[in-house]
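*Asks:* The whole structure should be built from the sequences, with the hints applied where relevant.
The listed protein sequences derive, respectively, from chains A and B. Following the working numbering, the numbering of the first sequence begins with 1 at its first residue and continues without gaps. Following the working numbering, the numbering of the second sequence begins with 1 at its first residue and continues without gaps.
Take the hints with a grain of salt, since some may be wrong.
For identical chains, the list gives no copy identity; a pair is met inside one copy or between any two copies.
To be verified - Here are the simulated SDA-like pairs of lysine to any residue, each with C-alpha atoms no more than 20 Å apart in a straight line: (1) LYS258 <-> ALA246; (2) LYS197 <-> ALA208; (3) LYS89 <-> ARG106; (4) LYS24 <-> ASP227; (5) LYS257 <-> ALA246; (6) LYS241 <-> GLN253; (7) LYS257 <-> ARG245; (8) LYS241 <-> ASN216; (9) LYS89 <-> TYR142; (10) LYS197 <-> GLU211; (11) LYS77 <-> THR220; (12) LYS190 <-> LYS258; (13) LYS236 <-> GLU191; (14) LYS257 <-> ASN240; (15) LYS24 <-> HIS43; (16) LYS236 <-> GLY187; (17) LYS233 <-> GLY221; (18) LYS24 <-> ASP126; (19) LYS233 <-> PRO74; (20) LYS76 <-> ARG225; (21) LYS77 <-> ILE127; (22) LYS258 <-> ASN240; (23) LYS64 <-> GLY52; (24) LYS121 <-> LEU244.
Please keep in mind that the hints were generated in silico from the structure rather than gathered at the bench. Since this is a predicted model, take the numbers as computed values, not measurements.
Next come the chains, spelled out residue by residue.
There are 2 protein chains.
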Amino acid sequence: MGEIFDIQTVVVIGSGNVAGHLAKAFREAGRSILQVFSPDTGHASSLAEKVGAEVASRLFAVTKEADLYLLAVPDKKITTVAARLPLVKGIVCHTSGITPLNVLARFENYGVFYPLQTFSKERVPDISQVPFCLEASSDIVYNRLQTLAGKLSQRVYAVDSAQRKNLHLAAVLVNNFPNYLYAEAEGFLKENHLSMKMLLPLMRETVAKIETMPANEAQTGPAMRGDHETIDKHLKMLENKNDLRAVYQILTQQILKKYHE
Amino acid sequence: MGEIFDIQTVVVIGSGNVAGHLAKAFREAGRSILQVFSPDTGHASSLAEKVGAEVASRLFAVTKEADLYLLAVPDKKITTVAARLPLVKGIVCHTSGITPLNVLARFENYGVFYPLQTFSKERVPDISQVPFCLEASSDIVYNRLQTLAGKLSQRVYAVDSAQRKNLHLAAVLVNNFPNYLYAEAEGFLKENHLSMKMLLPLMRETVAKIETMPANEAQTGPAMRGDHETIDKHLKMLENKNDLRAVYQILTQQILKKYHE
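*Replies:* Quick look at the structure:
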């Protein structure tokens, strides 16, 4: 790799949500997906067909001709997959928030292509709104990844392994945990024959506030007000739901502590 | 109250966020705010000035001529305020999610005008997107409240006291608790010189997913995948943050339990 060139050809390793959505996005940005590899050959075939790629039958037999090898596999499999992949000249990237860059150090050119977003199979994400956090083994590799990410999204950030790990943890706090709470609310409402749709404006406003004020100042509700009467009523309503009650209690205690100690 | 008429004149009791935002919304919908009462006379004057109202100096001395008396006061003060308010003919409403309708039963016409939204002083909410949950002492009163709420918002629901209480608890789950988690994430990122802005697309997508799929199916992340290695790394990163670590642990345990037991 001497001259600056655009990444044109991609091999996708993995066939989960991240692999699928990124492969489609690359293809829509005019790149060729040469091959897809996944130990789940059914998933691999299905994804390969959608993006006009071949299926690679074995990891050690993937083509050596691609510009980019995207390892969109579960975090704990990255090291194993990296060890089995041929020593290609193209850029080898993983897509993990929590995994350091240097697990790919056996390759000549490598990087991280981390989409800071939640992907589900059934939902097509707006890739142009996805922040891509990039890290690379050299400036040349970084520039190539940046050019590619820039074709997908306007939100491209240089983020090193230490910072990416912090973003990943924060993402759990603002996505995984709120989504769990949404699911609990949805279940609770369903039992009471109420629709989650009624809460959507509130959920949207909860996020929209953070665009204009610090979350600390956006806090409202009984715990923030120190309204123990309401808290006790809620705990009573959750009498037969031990798990949700425990979650309600600890979060309420933390908010009380934060605003009233 | 015999004939159907629009509510034209309002007395606002309270001067907090809900009182302020609703008073302004009524005024923008062409209604007159006759008086504002609040034990905090500074707040009362400030709000009264903004909405072209008088300040009522005492609760028992408010005008008896208004069509609506809006009690937008802290939940635990509703009963006291209701007991001190003159026995007016106009509709007396509280705005509380958790308080039953019947605490206002000493009045001839009464109801609940509960906005299912989070209000902060510094932020002007889009009232047209606020769901209003209404309950009333009679059909005539209900129709009048519905007509008024319909001038503010297209989302007007008939919700009885038992159901309103359930919505209020669900609102804590989808607003207060996620906002607390946002604040923790914001603090954590700040310590690491990272901006919350990078997480906003993820936060928006977290809510947007719920518009198209059940929250149970939208769940992603290490706990949902049963990825204990990542969970352990996160817990290690939170070693010196006992409170946040405790919250991380219980929410992770709940998600693990839900998807892996």
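*Asks:* Go through the numbered hints given earlier and state which of them the structure violates, listing their numbers in rising order.
*Replies:* Hints 4, 21 and 24 are the ones this structure does not satisfy, whereas the remaining hints hold.
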